[in-house]
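**Student:** These are the residues of each chain, in order.
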Amino acid sequence: MIKAKHILGGAAALLAAGVAIAAGADLGQAQKQATNWTAITMFGIFVGITLWITKWAAAKTKTAADFYTAGGGITGFQNGLAIAGDYMSAASFLGISALVFGSGFDGLIFSIGWLVGWPVITFLMAERLRNLGKYTFADVAGYRFDPGPIRTFAACGSLVVVAFYLIAQMVGAGQLIKLLFGLDYIVAVSMVGAIMMIYVLFGGMTATTWVQIIKACMLLAGATFMALAVMFQFGFSPEAMFKRAVEVHSKQDAIMGPGALITDPVSAISVGMALMFGTAGLPHILMRFFTVPSAKEARKSVGWATTWIGYFYILTFIIGFGAITNLIPNPADYFVNGEIAKGLKGGGNMAAVHLAKAVGGDIFMGFISAVAFATILAVVAGLTLSGASAVSHDLYASVWRHGNVDSATELRVSKITTVCLGIFAVLLGIVFEKQNVAFMVMLAFAVACSANFPVLFMSVLWKDCTTKGAVAGGTVGLVSSVALTIVSPAVWEASLGNPKGSALFPYASSAIFSMTAAFAVIYIVSKLDNSAQAKKERAAFPAQLVRSETGVGSSSASGH
Amino acid sequence: MKDEDVVERIQKNPKFMQFVRMRNRYSIIMSILMMLAYYGYILLIAFDKQFLATKVSAGATMSIGIPMGIGVLVFTIIITAIYVRRANTEFDATKDEIVKEASK
Chain A
1 MIKAKHILGG
11 AAALLAAGVA
21 IAAGADLGQA
31 QKQATNWTAI
41 TMFGIFVGIT
51 LWITKWAAAK
61 TKTAADFYTA
71 GGGITGFQNG
81 LAIAGDYMSA
91 ASFLGISALV
101 FGSGFDGLIF
111 SIGWLVGWPV
121 ITFLMAERLR
131 NLGKYTFADV
141 AGYRFDPGPI
151 RTFAACGSLV
161 VVAFYLIAQM
171 VGAGQLIKLL
181 FGLDYIVAVS
191 MVGAIMMIYV
201 LFGGMTATTW
211 VQIIKACMLL
221 AGATFMALAV
231 MFQFGFSPEA
241 MFKRAVEVHS
251 KQDAIMGPGA
261 LITDPVSAIS
271 VGMALMFGTA
281 GLPHILMRFF
291 TVPSAKEARK
301 SVGWATTWIG
311 YFYILTFIIG
321 FGAITNLIPN
331 PADYFVNGEI
341 AKGLKGGGNM
351 AAVHLAKAVG
361 GDIFMGFISA
371 VAFATILAVV
381 AGLTLSGASA
391 VSHDLYASVW
401 RHGNVDSATE
411 LRVSKITTVC
421 LGIFAVLLGI
431 VFEKQNVAFM
441 VMLAFAVACS
451 ANFPVLFMSV
461 LWKDCTTKGA
471 VAGGTVGLVS
481 SVALTIVSPA
491 VWEASLGNPK
501 GSALFPYASS
511 AIFSMTAAFA
521 VIYIVSKLDN
531 SAQAKKERAA
541 FPAQLVRSET
551 GVGSSSASGH
Chain B
561 MKDEDVVERI
571 QKNPKFMQFV
581 RMRNRYSIIM
591 SILMMLAYYG
601 YILLIAFDKQ
611 FLATKVSAGA
621 TMSIGIPMGI
631 GVLVFTIIIT
641 AIYVRRANTE
651 FDATKDEIVK
661 EASK
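Chains as they are written, first to last, in the numbering used here: chain A, 1 to 560; chain B, 561 to 664.
No lab work stands behind these hints: they were computed from the structure.
Any given hint could be a false lead.
[Unchecked claim] Below, simulated DSS-like cross-link-like pairs (lysine-lysine); rule was C-alpha separation at most 30 Å, straight line: (1) B:Lys615 with A:Lys134; (2) A:Lys463 with B:Lys562; (3) B:Lys572 with A:Lys527; (4) A:Lys415 with A:Lys134; (5) B:Lys575 with A:Lys134; (6) A:Lys60 with A:Lys415; (7) A:Lys415 with A:Lys55; (8) A:Lys357 with A:Lys345; (9) B:Lys609 with A:Lys296; (10) A:Lys296 with B:Lys664; (11) A:Lys535 with B:Lys609; (12) B:Lys562 with A:Lys296; (13) A:Lys536 with B:Lys660; (14) B:Lys575 with B:Lys562; (15) B:Lys572 with B:Lys660; (16) A:Lys243 with A:Lys342; (17) A:Lys134 with B:Lys660; (18) A:Lys357 with A:Lys243; (19) A:Lys357 with A:Lys434; (20) A:Lys434 with A:Lys500; (21) A:Lys296 with A:Lys463; (22) B:Lys609 with A:Lys251; (23) B:Lys609 with B:Lys664; (24) A:Lys463 with B:Lys575; (25) A:Lys434 with A:Lys342; (26) B:Lys660 with A:Lys243; (27) B:Lys664 with A:Lys357.
[To be verified] Cβ-Cβ distance ranges computed for the label pairs, FRET-style: (28) B:Arg645 with A:Ala408: 39 to 45 Å; (29) A:Gln233 with B:Gly619: 20 to 26 Å; (30) A:Val187 with B:Thr614: 47 to 53 Å; (31) A:Val187 with B:Ser663: 22 to 28 Å; (32) B:Met595 with A:Pro506: 41 to 47 Å; (33) A:Asp362 with B:Thr614: 26 to 32 Å; (34) A:Gly361 with B:Arg646: 42 to 48 Å.
[What the hints assert, rightly or not] Covered stretches of chain A (chain B as the covering partner; in silico rule of three or more C-beta atoms under 8 Å from a C-beta of chain B): (35) 98-111; (36) 123-134; (37) 306-320.
A quick note: this is a predicted structure, and the numbers were derived from the prediction, not measured.
Heads up, the beta-carbon is just placed ideally off N, CA and C, and yes, glycines get one too.
Start from the sequences, fold in the hints, and give me the full structure.
**Tutor:** See below:
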């Protein structure tokens, strides 16, 4: 989340934002803190409750359909909360409030970007996904296509996005836990991996959904309390809060206007496209639409998800300003050696956690720390489940066994994959410990909007789209988005340590080029494709259209 | 009746294509509105930072950019809610009618 801050503003933003935020904007290196028993106890309670739910869910998880989609029995309201729980990461809670704490207004620009993808999903994708899909988004993209190539491509697209997102979450988790709980990095990362594996392995989608719902409620309740406490201090007058913030902040009135976050218009539009359309290509988000029983519930889910996520971002803005007005006047309590210039104790991302202490004391701070940890667990569980389904449902059952596989075998393969992904995530978390993984979430969004989204969009909405076109265009989007991101300043200079100005690709996100290229290639290759297979695929479009628009024939798909 | 037959009948019903075209037009208009609001705000920041830093009134601390930004967040929530409401009532009723006609 915050990660794109580097990408957007680059070094300029870091300098401008000062030590306070530079230290931890990417949940980067964090000093180990004293063991925080309140937080650990609170977290223990959360884990206890969620494991109890997992036990209950395990009894209900018998078939592959239960494992992937909770049997399709989640309501729209529940799914909306679960989507919000899947999407609001610790990075967006701690990171955006830290960005507001450091730069004021710029934090608002950032949070808007993370919300605008939701209407696009609502208007264009939600019900079509529900009507055409069964377990994975490849079911949707490959509805009338040759299953071998399209599912192989879709599984690759999913796994690449999941891998990048997972690395960012695991490294963030390790740093955060070291910071909040005072545990060793390796212990922290292994714990996240182990608990997440238990949820997914035994409870499948049912347990994952409830972990996400509980986490969303905790996060929304905690953030609401903090924002109300802050507003109460100022008699619920935003003007009074801003006035006080400008008085105490070192950047004074500059926090009321845009700073260095948006530099050139091309980067601004490109990052905007990655966020807006990337959200509609994230496999762990798309998968959530298969857990509801109808298109109506799918729309309700996304309506609720947008409401909760938007509300949450408004709260983080208030929390950031609350941190300015509460922490800066008390440097002795919250800053390293009591000096503001040295930054917040524990790093820049601690703004929200310190504010929790300021408004609610040690117990509330323990609660907020536990919420931050729970948040990471919920996000990694969702990611792992979508990665496992891409392997077991798309690669194993559909491509390798041509669909001739019983539910029990498919379920066993998904569980084996879950274990492999869990171990893989822990190992990558350890390997990348000292790396700057700030760009990884942005990379995941770039791939999602350049590879997954165009294929999904064109296969569902354009009658002339063919397997060859979709696979060729999607591959171009996948390769170009990864390649351009590697040679962009955020990776080439900031992470690989090449000299400033040496990056071949000057912009903050590849989306504007790689997504356009993907659409163009899908169009051209499909148009040129005159094979017998292509004719068959085009002829199948009208029937697909009826099902995607009306849902006729799809009620049996979710397994009930 | 088998699903295949229902699908075929719906395909042949002119009301169905009319319905799809109407709903697609609505979705596209809503998407364009959302993009105008978001990219408009982003481009305003890219090209005219000064304007957004202007105070809401003389002597105030709050800049115009803050209510506008919160406005974009609220607009996003509202436009989604409007679509969901219309799709879940009006559009679904039309759709159900078409499906029912074909299932007879």
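**Student:** Give a verdict on every hint.
**Tutor:** Hint check results:
For the hint pairing Lys615 (chain B) with Lys134 (chain A), the CA-to-CA distance comes to about 52 Å; that exceeds 30 Å, so the pair is violated. Between Lys463 (chain A) and Lys562 (chain B) the CA atoms are separated by roughly 24 Å; this keeps the pair inside 30 Å, and the hint holds. Among the hinted pairs, Lys572 (chain B) with Lys527 (chain A) is consistent with the structure: their alpha-carbon atoms are about 26 Å apart, no more than 30 Å. Note on Lys415 (chain A) and Lys134 (chain A): the hinted pairing holds, with a Cα-Cα distance of about 18 Å set against a maximum of 30 Å.
Restraint check: the Cα-Cα separation between Lys575 (chain B) and Lys134 (chain A) comes to about 28 Å, which is no more than 30 Å; the hinted pair holds. Using a Cα cut-off of 30 Å, the hinted pair Lys60 (chain A) and Lys415 (chain A) holds, with the two alpha carbons roughly 15 Å apart. As the CA atoms of Lys415 (chain A) and Lys55 (chain A) are separated by approximately 16 Å, the hinted pair is consistent with the 30 Å bound. Note on Lys357 (chain A) and Lys345 (chain A): the hinted pairing holds, with a Cα-Cα distance of about 13 Å set against a maximum of 30 Å.
The suggested pairing of Lys609 (chain B) with Lys296 (chain A) is violated, with an alpha-carbon distance near 42 Å, which exceeds 30 Å. Straight-line distance between C-alpha atoms of Lys296 (chain A) and Lys664 (chain B) comes to about 23 Å, which keeps the hinted pair within the 30 Å bound. Pair hint Lys535 (chain A) plus Lys609 (chain B) does not hold up; C-alpha atoms about 53 Å apart against a cutoff of 30 Å. For a cut-off of 30 Å, the pair hint linking Lys562 (chain B) to Lys296 (chain A) stands: about 23 Å separates their Cα positions.
This hinted pair checks out: Lys536 (chain A) and Lys660 (chain B) have alpha carbons roughly 29 Å apart, not beyond 30 Å. For the hint pairing Lys575 (chain B) with Lys562 (chain B), the CA-to-CA distance comes to about 21 Å; that is within 30 Å, so the pair holds. Only pairs whose Cα atoms come within 30 Å are accepted, and Lys572 (chain B) paired with Lys660 (chain B) is accepted, the gap being roughly 14 Å. The straight-line distance between the Cα atoms of Lys243 (chain A) and Lys342 (chain A) is roughly 24 Å, inside the 30 Å bound, and the hint therefore holds.
For the given pair, Lys134 (chain A) sits about 24 Å from Lys660 (chain B) by alpha-carbon distance, which is consistent with the 30 Å threshold. For the given pair, Lys357 (chain A) sits about 23 Å from Lys243 (chain A) by alpha-carbon distance, which is consistent with the 30 Å threshold. With a C-alpha separation of about 29 Å, the suggested pair Lys357 (chain A) and Lys434 (chain A) falls inside the 30 Å cut-off, and the hint holds. Distance check on the hinted pair: Lys434 (chain A) and Lys500 (chain A) sit about 21 Å apart at the alpha-carbon level, within 30 Å; holds.
For the suggested pair Lys296 (chain A) and Lys463 (chain A), the alpha carbons sit about 25 Å apart, so the restraint of at most 30 Å is met. A hinted pair counts as satisfied when its Cα atoms are at most 30 Å apart, and Lys609 (chain B) with Lys251 (chain A) qualifies at roughly 16 Å. Our distance criterion of 30 Å between C-alpha atoms is broken by Lys609 (chain B) and Lys664 (chain B), whose separation comes to about 61 Å. Our distance criterion of 30 Å between C-alpha atoms is met by Lys463 (chain A) and Lys575 (chain B), whose separation comes to about 19 Å.
Taking the CA atoms of Lys434 (chain A) and Lys342 (chain A), the gap is near 21 Å; set against the 30 Å cutoff, the hint holds. A hinted pair counts as satisfied when its Cα atoms are at most 30 Å apart, and Lys660 (chain B) with Lys243 (chain A) does not qualify at roughly 61 Å. Between the alpha carbons of Lys664 (chain B) and Lys357 (chain A) the distance comes to roughly 65 Å, so the proposed pair goes past 30 Å and is violated. The hinted window of 39 to 45 Å between Arg645 (chain B) and Ala408 (chain A) holds, with their beta carbons roughly 42 Å apart.
Checked against the hint of 20 to 26 Å, the C-beta distance between Gln233 (chain A) and Gly619 (chain B) comes to roughly 22 Å, which is consistent with it. Taken as a hint, the range 47 to 53 Å holds for the pair Val187 (chain A) and Thr614 (chain B), whose Cβ atoms sit roughly 51 Å apart. At about 59 Å, the beta-carbon gap between Val187 (chain A) and Ser663 (chain B) misses the expected band of 22 to 28 Å. For the pair Met595 (chain B) and Pro506 (chain A), the beta carbons lie near 24 Å from each other, so the given range of 41 to 47 Å is not met.
Separation of Asp362 (chain A) from Thr614 (chain B) is about 42 Å and departs from the stated range, judged on CB atoms against 26 to 32 Å. Restraint check, Gly361 (chain A) to Arg646 (chain B): a C-beta distance of roughly 47 Å satisfies the suggested window 42 to 48 Å. Three residues within the 8 Å Cβ limit are the bar, and the segment 98-111 of chain A against chain B gives 4, so the coverage statement holds. For the segment 123-134 of chain A, the stated coverage by chain B is satisfied: 3 residues place a CB nearer than 8 Å to a CB of that chain, which reaches the threshold of 3.
Coverage of the segment 306-320 of chain A by chain B holds in this model, with 7 residues showing a Cβ closer than 8 Å to a Cβ of that chain against a need of three.
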